[in-house]
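Trainee: Those sequence lines, one after another, are chains A and B.
As numbered in my numbering, residues 1 to 111 make up the first sequence, in order.
As numbered in my numbering, residues 1 to 119 make up the second sequence, in order.
The set of hints was computed from the structure by calculation and includes no laboratory data.
There may be inaccurate statements among the hints.
Stated by the list, open to error - Straight-line distance between alpha carbons at most 35 Å, and here's what the computed DSBU-like set of lysine-lysine pairs gives:
hint, chain 1, residue 1, chain 2, residue 2
1, A, Lys56, B, Lys66
2, A, Lys67, B, Lys14
3, B, Lys66, A, Lys42
4, A, Lys110, A, Lys67
5, B, Lys41, A, Lys110
6, A, Lys56, B, Lys20
7, B, Lys55, A, Lys2
8, B, Lys14, B, Lys41
9, A, Lys110, B, Lys55
10, B, Lys55, A, Lys42
11, B, Lys64, A, Lys2
12, A, Lys67, A, Lys56
13, A, Lys56, B, Lys41
14, B, Lys64, B, Lys20
15, A, Lys2, A, Lys56
16, B, Lys41, B, Lys20
17, A, Lys42, A, Lys110
18, A, Lys42, A, Lys67
19, B, Lys14, A, Lys42
20, B, Lys66, B, Lys41
21, A, Lys67, B, Lys66
22, A, Lys2, B, Lys41
23, B, Lys64, B, Lys41
24, B, Lys55, B, Lys14
25, A, Lys42, B, Lys64
Predicted model, so just to flag it, every value in this text is computed and none were measured.
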Amino acid sequence: QKEVEQNSGPLSVPEGAIASLNCTYSDRGSQSFFWYRQYSGKSPELIMFIYSNGDKEDGRFTAQLNKASQYVSLLIRDSQPSDSATYLCAVNESNTGKLIFGQGTTLQVKP
Amino acid sequence: GAVVSQHPSWVICKSGTSVKIECRSLDFQATTMFWYRQFPKQSLMLMATSNEGSKATYEQGVEKDKFLINHASLTLSTLTVTSAHPEDSSFYICSARDPRGLATTYEQYFGPGTRLTVT
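Next comes chain A alone, as it looks inside the complex (with noise of 0.2 Å):
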C-alpha cells in the first residue's frame, strides 16, 4: 500500500511567522509531488508542484525535496491568516500516474 504520510495538526503560527509542513511518501518511484490548499467547504487549489531535488519557490512559497529522504516540504513565509487552510501534500503513484493525497495538515495564522 503506497502511502502519503502528514501530521494533521493543527499546526498554529502568528501572522509574519514562517509555517513548516512536511510530508514523507513511501513509493520510491514516485517522480512529481504537489501541495494543494483546500479551504473549509472547497474544493483543493494547486499551490505548487516540484519534480527535481532541492528547493522551488514561487512567491511565499518554497517546496522542497528530497527523494532519498522521501520527504517534501512546504515553506510558507509571513504567513497570513488567509493562508489558514488545510494543506493537502499528494504524490504521483508511480505505475499509474495516480495521485495519492496525505491526509491533510490544518494550518491556524493567528493574528
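Once you have looked at the hints, place chain B on chain A.
Mentor: This is chain B only, laid out in the frame that chain A set:
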C-alpha cells in the same frame, strides 16, 4: 493554472433517485479526468479515473454500476449517482490532468466540487 468547472455546485435529491454531475475542462482538452469523494474532516478518496473514449477505471470498493462515469468528449466527464441513498451524501470533486505540462508532472486541477445531499 487550468480551469475546471463542475455543475451543479450543490444538489438535494430524494432517496432512490439518480443525480448527474458534470465536469468540464474550460481552457484545455483533458484526456484524463478523475472523480473523488470527500467526507467531512477526511481527505480525498479517488473513486475512478475517467478516460476519454474508453471505460472508466474504478478504484477497489467503488461500485461501477452505482457510480456511472461517461467521458464522451475531451472537455466533459459526467458522474451519475444511481439510486442514491443517504450514505451517498458527500462532497464530489472532479479533477482534470493538464496535458500541456511536462509528461512526468501529472498536474491535476480540481473543479469547485458538488455537494450532494440525499434525503
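Trainee: Next pair to validate is Lys41(B) with Lys20(B); report whether the Cα-Cα distance is within 35 Å.
Mentor: This hinted pair holds, its Cα atoms lying about 25 Å apart.
Trainee: Hey, Lys55(B) versus Lys2(A), does the alpha-carbon distance stay inside 35 Å?
Mentor: At roughly 25 Å apart (the allowed maximum being 35 Å), Lys2(A) and Lys55(B) satisfy the hint.
Trainee: Can the restraint linking Lys66(B) and Lys41(B) be considered satisfied, given a maximum Cα separation of 35 Å?
Mentor: With Cα atoms ~24 Å apart, Lys66(B) and Lys41(B) stay inside 35 Å; holds.
Trainee: Between the alpha carbons of Lys67(A) and Lys66(B), is the straight-line distance 35 Å or under?
Mentor: Roughly 39 Å between the alpha carbons, so the hint for Lys67(A) and Lys66(B) is violated.
Trainee: Hinted pair, alpha-carbon criterion (35 Å max): Lys42(A), Lys67(A). Please report holds or violated.
Mentor: Roughly 31 Å between the alpha carbons, so the hint for Lys42(A) and Lys67(A) holds.
Trainee: Between Lys56(A) and Lys41(B), is the straight-line Cα distance small enough, at 35 Å or below?
Mentor: Answer holds: Lys56(A) to Lys41(B) is near 30 Å, not above 35 Å.
Trainee: Check whether the Cα positions of Lys42(A) and Lys64(B) lie no farther apart than 35 Å.
Mentor: holds, 26 Å
Trainee: Does Lys56(A) lie within 35 Å of Lys2(A) when you go C-alpha to C-alpha?
Mentor: With a Cα-Cα distance of about 25 Å, the restraint between Lys2(A) and Lys56(A) holds, given a limit of 35 Å.
Trainee: Holds or violated: Lys56(A) with Lys66(B), Cα cutoff 35 Å?
Mentor: violated, 42 Å
Trainee: Has the given pair, Lys14(B) with Lys42(A), been kept, meaning a C-alpha gap of at most 35 Å?
Mentor: holds, 24 Å
Trainee: Holds or violated: Lys64(B) with Lys41(B), Cα cutoff 35 Å?
Mentor: Within the cut-off at roughly 25 Å; holds.
Trainee: Hint check: Lys55(B) vs Lys42(A), CA-CA at most 35 Å. Holds or violated?
Mentor: holds, 29 Å
Consistency note: the structure conflicts with the earlier hints numbered 1, 2, 6, 9 and 21.
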